[in-house]
Structures are given as structure tokens and as C-alpha cells.
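**Student:** Mapping to numbering that gives the first Met the number 0: the sequence shown position 530 is 529, numbers consecutive.
To be clear, the hints were calculated from the coordinates, so they are not data collected in a lab.
Please note that the accuracy of each hint is not assured.
Below are the DSS-like pairs computed for lysine-lysine, each with C-alpha atoms no more than 30 Å apart in a straight line [what the hints assert, rightly or not]:
#1 K521 - K158
#2 K259 - K505
#3 K516 - K158
#4 K521 - K259
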Amino acid sequence: MTVPIPALSAAEREKYDIFFPPLPNYGPPTLGKRFKWAVLRIGPPRPFQQEEERRAEEREKEERKWERQRDGDVDRAILESHGGWCPSEGGRDKMIRDVGYYARRVGLDCEELKVQTEDGHILVLWHVYDPREYIPLPAALRGIRGPESIDAIRPPSRKLEPQERGQTKEEERRYPILMIHGLLQSAGVYATNDEHSLAFWLCKEGFDVWLGNCRAGFTPEHVELDNQNPEMWNWDLRHMATLDLPALTARVLSETSFSKLALVGHSQGTTATLIALSRFSRPSLSSKLSVACLLAPAFYAASLLTTKFVFRFMRLIPLSAFTLLFGRTSFIPVMGKLGYLHGKVPENWIGGPSYAAYRFLFNWTDQNWDRGRGTGAMAWWLGRGGFADRDCVLSIKEELERENIEDLLEDFEKGATGSINPAEASTLREKLRKDEEKGFRSECWFPEYTAPLAFWAAGDDELVDGKRLLNRFRRGREPNANIVHKHVVAGYEHLDVVWSCDAVEKVGWEMRNVIWKSVQDKSEIRNPRGCVDI
0 MTVPIPALSA AEREKYDIFF PPLPNYGPPT LGKRFKWAVL RIGPPRPFQQ
50 EEERRAEERE KEERKWERQR DGDVDRAILE SHGGWCPSEG GRDKMIRDVG
100 YYARRVGLDC EELKVQTEDG HILVLWHVYD PREYIPLPAA LRGIRGPESI
150 DAIRPPSRKL EPQERGQTKE EERRYPILMI HGLLQSAGVY ATNDEHSLAF
200 WLCKEGFDVW LGNCRAGFTP EHVELDNQNP EMWNWDLRHM ATLDLPALTA
250 RVLSETSFSK LALVGHSQGT TATLIALSRF SRPSLSSKLS VACLLAPAFY
300 AASLLTTKFV FRFMRLIPLS AFTLLFGRTS FIPVMGKLGY LHGKVPENWI
350 GGPSYAAYRF LFNWTDQNWD RGRGTGAMAW WLGRGGFADR DCVLSIKEEL
400 ERENIEDLLE DFEKGATGSI NPAEASTLRE KLRKDEEKGF RSECWFPEYT
450 APLAFWAAGD DELVDGKRLL NRFRRGREPN ANIVHKHVVA GYEHLDVVWS
500 CDAVEKVGWE MRNVIWKSVQ DKSEIRNPRG CVDI
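Model the full structure from these sequences, guided by the hints.
**Tutor:** In C-alpha cells:
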């Protein structure tokens, strides 16, 4: 199925196609090369060493209490440590691919729904809920219901009377949040830090939390294609933006009977969101969002993608060589095979090499984390003609050069310290004039009535440049964008916005307030904890 797009002129269509090089016609799938394990890390003293040790000690105490307790008799200290929520799982932390298991360890639970996109892919949607007030859907109602579309929201799978949902009539509904993951992740990224996981914390604050997984996750599924068919993997970011996000949004709005929801995206999730909201893609999604909260926004490339040899190599080789090296179906498919080892080998046999590989590729560290705790798309991100080659998602290099010139001239006219001299300013003005005579002008990405946007950029992010994106809005290049919040988190790397020990304090608190402020009609909606005066 072709990607749904709004009506564009021939010139706009030609420009838009530049951003997304043609997808290849795949032959039979081949094996990709195996990653070689890198040397494990040795680092300086960790900034959250004491907090990590405190949490590890608490986990160890809770594990011992859980093992000693009688069936059905939960230790009072365990209840207090989880804010009154009663865990239904405990003991030593297992390593399993089940968000529900980790939710039950903090007194919550999770149900899994299947969502069909308009091009036939089947997505996994996790619903995190409080078992004290919600009864999960029967298995028969959690499957696909045909293609989900924001242009035709279906009725809920089950009646929404309070007694049907396991709620009393006096209880108010929770406002829905849909959380979308980043590159090489699942939505479980929001549920891996115990009580300090953003998903669990937002649920306990009083929101209705849904975790959306984009196509080709743990178990790729399609209504017609099997995993060996190359067409199963023949998609890029446009498909995530214009098909996956709308389908997930439509299912959440259907099941909750809300007209809008709050969307939270991290990394690639922010890219898909902004592509979808742009005038080039599926701007009608804006009508379904009260706000889009974007963590570590990935729209401009940072230094790592342009300087690290492995990424420069990926941009130099042709697509045929890219698929030979990294696979024709999933990206480095052998890495996915590690999932089958969960529970069969020691945890560090999987976690250690995986961490080392990611650190080698992306220069990430885990110094702020709690240590106790499709090739087509990859070619678009890292290969020739893609994101890393152009440095931006929706601008070509000539436009980026023009923006830099405009910024230099603006700073010069304001008398900013360190700006260019008058002679340089004159030369740059002449260059802009000649470009305009040729009909070359910078254009905005977003149409009128774009959903409100909130940003949390990582101050030390070497993978993507969130500050450059914020500069685009600050300079007035997006007159239709409504920026309701922006925060450059000092000392944070790309993953710290979801995994840092203090992510709830530095990101979560602000996000909670931003989301609640975005809700227009708060009648009959539960007021989240900490938002009484907002």
C-alpha cells in the first residue's frame, strides 16, 4: 500500500521524495553479518552512585521479604514502598519479554492488544492499568478488528459504563497517553526502571497509559505477508508516521472514547510524530492530539553521525552493499535471536554484549542509569541519501545552509557577541538575494492548527541535535507551531530522558503538568496527582 499523503504540487512532491529515497525491490532474504562483542566499559565515578546503591538495597530487601511471605499476605513494607499498590509478582527480578510482569512487580498490570494498520501490518499495543479499578478486555476483544484509521474511529470493543470496566460510577475517567519508542527499541523502554519508569509513574499519577510498538517488533506480523517475504520489510519512516501512529492513536481513542490523547515519543518516535504532523504527510493527526511530548527529538543529525567512521562508511556504500552487510529483512537479524536466550542463559551474557555494541555505535554511556535494571528504516537513518547524509529529516542541505546564513545575519543585526563583521554580512546578503532570484526560499514544515508541541532535548546528545530543532522554532521558521514547553536537560545523553535515575524528576514532573494543561475539558476526567492547581 502506498503511503497516504495530502495533495501536493508537483514541485512539493519532488521535494518530499528527496527526503525519502526510493525503497528497494528486495530479493530473497540473506543473512547479515554478526556484531562482534566489544570490550566492556570502565568509567569514572557515577553521578548517581549513592542512589543506585540505595535502590539496589531496597530491591534486595523486598526480594527477601517476598520470598518469606505467605501466599496472599503481602508485607506492609512492600506496600509502602509501592505507594499503596500491591505487587502480584516479586522475588528476584527475572529477565523476560513481558511488560505485564514488570507492571505487576509495582502493583499494576498490563494487557496486550493487536492493532492492524491500513497496509496490513499488525502492531502490538500494551495497556498499563491499575488492577484495583480496571478489568482487562477478554482475549477475544484484544485482537485486530480490521484496519484502524483516525479518519473513522471505531466504537469501543466493550461498553464503557463504569461497571463494565470494573470501576464504580463515582470514579472519573483517566486521560489517555500513547507512548511511542525509539530506534532499535520496543515500548518497553518506558517500563524498565521499576517505580521510576515513566509509564508506571504516569499510570500511578492518574493517567491511562498505552504503550505503542511500531511495525516489525519482537514478533513481526502481517495479515497477508510472512516474515520471509521481502515486502514485509519494505518500508521506512513514512510508513511509521502515516500508518503506524494513526492506527495506534485510533485504537486508543476507540477503546477510551476520548476525542484526543497526549502523545509521548522518544527519539525515532519523535521523528515519526513530526513527519506525520507536517504538511507533507498526515497533518490530520493533529486533530487527535491535545499535545505531543517529544523526548530527545531526532530531526537534525549531531556530530556522531557525521564523524564516526562506521556511520560514514554506511553512507558511502550503495544500498546493495548495505543490505548484504546488515540484512535484507530485520536490521542485523542475528541480534534479534538473542531474545530467544532470555531465561536460558545468565542475564549478563545478553545485556553485556548488547550494551557494548550500542556503546560502540552511539557513544552512549549508562552513567546516569540505574545499572540494576527493518533494514529499510536503518538504511534511511544511516545509509546513502538518508537522514545522516542530509543532516535533517525535512530539509535538504541547501536549505540548511540558507538557514545558517539567515541566523548569522540575524545575530549580526542584533549586535550579538561573536557575530560576523559588516563585510561578511554584505557577502551573505548578496548570496541570499541571488538565491531568491532563483526562486529558492526556505519553507515551513507544519500547517495551521498543528497540535501543541513540547520538547525535552538532551544537553549532551551526540546522536541528534535537539537544540538545533528548538532554534528553528525560536527563529520563527515555523509560524504555525505552538511550542508549549521546551527544556534542554543539562548533562543528559540520548537515552537519559527515559532511563536516567532522575528522569521522573527532570522530565516526568514537567510532562505530567504539560499534558494536564493541554486537556481542554477537564470535567469528568481524573485530576492527576500533583496537578490540583494546574
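**Student:** For every hint, state whether the structure bears it out.
**Tutor:** How the hints compare with the structure:
At most 30 Å may separate the alpha-carbon atoms for a hinted pair to count; K521 and K158 meet this at roughly 22 Å. In summary, the hint linking K259 to K505 is supported, as the alpha carbons are separated by about 26 Å, within the 30 Å threshold. Taking the CA atoms of K516 and K158, the gap is about 28 Å. The hint holds against a cut of 30 Å. With a C-alpha separation of about 12 Å, the suggested pairing of K521 with K259 holds against the 30 Å cut-off.
The structure meets every hint from the earlier list without exception.
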